[in-house]
Amino acid sequence: MSISDKELQDAFRRSQQIQKQNDTSSDKVNARIRANVLAHNKAKGRENEKERMFALVGSHIRAYFASSTLRFTAVAFAIVAMLGVYNVGIFQSRFLPSRQTAAHTVDIVHYHGFEGEDKLLANKTSNDYQARFNAYTRQYVESNLVAKAVTLQPATLQSQDGDWLLVNCKKQQVVVSENLITSLNINGRIQGDISVGANVALALDAQGRILSIKQSNKPLIC
Amino acid sequence: MSIGASLQNLFQGKREKALGVSERLMLQYSTKGDEASLAALFDLHNNKLFYFLKVLSDSTVAEDICQRTWIKVIENSHLFKSGDNFQAWLFTISRRTLIDELRKSAKLEYNNDAVESFSSGELTKHAQSTIEEDVAKGLEKDVFKACIQQLPYKQKEALSLQLEGFGLREIAAICGAEKETIKTRIRYAKDSLKTMLEKL
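Order-wise, the sequence lines are chains A and B.
In terms of the working numbering, the first sequence opens at residue 317 and continues consecutively.
In terms of the working numbering, the second sequence opens at residue 68 and continues consecutively.
None of these hints come from the bench; they were simulated from the model.
This structure is a prediction, so every number in the text was calculated from the model and none was measured.
Treat the hints with caution; some may be incorrect.
To be verified - Only pairs whose alpha carbons sit at most 25 Å apart, straight line, appear in this in silico DSS-like list of lysine-lysine:
no., chain 1, residue 1, chain 2, residue 2
1, B, K171, B, K99
2, B, K115, A, K322
3, A, K336, B, K99
4, A, K360, B, K212
5, A, K360, A, K322
6, B, K148, A, K336
7, B, K139, A, K336
8, A, K322, B, K139
9, A, K344, B, K212
10, A, K344, B, K99
Unchecked claim - Counterexamples of contact, computed for chain A against chain B with all Cβ distances above 10 Å:
no., residue
11, A327
12, F328
13, I334
14, G361
15, V401
16, C485
17, G504
For glycine and all other residues, C-beta sits at the position ideal for the given N, C-alpha and C.
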């Protein structure tokens with residue numbers, strides 16, 4: 317005998333009932349899913365509440381900014397602020413005439429440069445940076461040479477026919493021509509107020525060339 | 068009260084009357100989000116849903132999909148509209164979720180031709196031996212479920228939905244197939260199932 321559709325339907329329902337009644341694991345699964353689903357619903361409810369609150373606050377703010385009250389308030393505030401600034405300016409110009417607002421008194425000016433720079437740059441315009449750079453470089457090279465001086469000899473400056481004559485302890489005499497003095501002066505190699513009879517210290521390089529002449533306060537002891 | 072308003076109320080009342088318990092609960096839930104409505108809906112439908120999913124997969128997958136389906140119901144409650152059939156909506160969600168899951172785990176090759184071209188004789192022969200073995204071992208007490216599970220996926224899907232009480236049009240909408248195709252699947256499924264049950 318063939319099974320009818322009705323019997324199939326009944327068998328299906330019976331099978332569902334079997335699952336519901338006999339299968340204990342199904343009950344547990346059902347309870348577990350139910351708890352999870354309801355917990356999710358609660359969490360979503362809290363989330364929605366937060367969103368609703370934000371939306372409410374947002375809508376209030378939007379409504380406030382869209383309202384004509386805010387525009388009138390803003391315009392009134394701007395007018396009051398402008399008038400205030402204008403009146404403060406008027407008051408200051410009328411009643412505080414001696415007050416200097418922009419001038420400052422400066423006591424000390426720190427000048428950064430090196431000693432003798434003024435002399436070096438006497439003929440250079442302050443904006444001629446190329447000339448300043450060259451002067452600085454030359455000064456550096458000269459100073460470097462002096463620093464590398466091999467010997468330092470004491471000597472006495474004397475005069476011979478208008479030229480400088482330097483006499484050291486060994487009675488060796490060096491006549492310094494006017495050109496050399498000029499050159500040494502330009503390069504800042506003659507230091508101090510040197511006059512005839514003064515004791516000087518001569519800085520000489522390895523080849524015995526004079527690098528600098530410096531006034532010496534110590535007496536010449538040979 | 069104006070005539071227009073009265074007519075409107077009348078129509079509204081008729082519409083509300085036509086709504087089933089589940090639909091009303093769902094509409095209430097989508098408006099208020101209250102736990103009681105959701106719990107009632109769960110109690111009304113979860114057993115059927117779980118059985119449907121169990122027939123199409125196994126207990127573990129069915130549990131997972133069941134939970135995901137209800138979570139989707141919560142998340143998309145605003146999409147449910149008055150006039151929709153809640154159970155059909157629920158089963159559509161669960162079916163799609165299950166197919167996604169099966170595809171992801173490569174358990175299902177959703178190929179129409181392969182499923183439809185299964186010969187009823189071959190199928191019954193194969194299923195018969197499996198069920199008999201299980202029943203003999205005491206592994207399967209529910210013979211009907213064991214038999215329906217042996218059917219090809221699309222056939223057992225369509226037949227389960229029909230036995231659940233859905234009409235052909237609704238099944239076609241849930242499965243996203245033509246009405247005639249669904250008819251064919253159900254006919255094949257019934258023939259195979261009857262043969263299997265008669266032989267046991």
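Now for the hints, and whether the structure bears them out:
With a C-alpha separation of about 35 Å, the suggested pair K171 (chain B) and K99 (chain B) falls outside the 25 Å cut-off, and the hint is violated. With a C-alpha separation of about 19 Å, the suggested pairing of K115 (chain B) with K322 (chain A) holds against the 25 Å cut-off. Annotation: proposed proximity of K336 (chain A) to K99 (chain B) is violated, straight-line Cα distance about 31 Å (limit 25 Å). Restraint check for K360 (chain A) and K212 (chain B): the C-alpha separation of about 36 Å exceeds 25 Å, so the hint is violated.
Straight-line distance between C-alpha atoms of K360 (chain A) and K322 (chain A) comes to about 43 Å, which puts the hinted pair past the 25 Å bound. Straight-line distance between C-alpha atoms of K148 (chain B) and K336 (chain A) comes to about 31 Å, which puts the hinted pair past the 25 Å bound. Our distance criterion of 25 Å between C-alpha atoms is met by K139 (chain B) and K336 (chain A), whose separation comes to about 24 Å. Taken as a hint, the K322 (chain A) and K139 (chain B) pair is broken in the structure, with Cα atoms around 34 Å apart against an allowance of 25 Å.
Between K344 (chain A) and K212 (chain B) the alpha-carbon distance is near 20 Å, which keeps this suggested pair within the 25 Å criterion. Between K344 (chain A) and K99 (chain B), the direct Cα distance comes to roughly 29 Å. Violation of the 25 Å bound is thereby established for this hinted pair. Chain B draws A327 (chain A) into its interface by the beta-carbon criterion, the shortest separation being 4 Å against a cut-off of 10 Å. Not every beta carbon of chain B lies more than 10 Å from that of F328 (chain A), the smallest distance being close to 4 Å; the non-interface claim is violated.
Once the 10 Å rule is applied to beta carbons, I334 (chain A) is inconsistent with being away from chain B; the minimum gap is 5 Å. Interface exclusion of G361 (chain A) from chain B breaks down, the closest Cβ pair being 6 Å apart, not more than 10 Å. Look at V401 (chain A): its CB is around 54 Å from the nearest CB on chain B, clear of 10 Å, so calling it non-interface holds up. Listed as outside the interface, C485 (chain A) is consistent with that label: its C-beta sits roughly 105 Å from the nearest C-beta of chain B, beyond the 10 Å cut-off.
Once the 10 Å rule is applied to beta carbons, G504 (chain A) is consistent with being away from chain B; the minimum gap is 88 Å.
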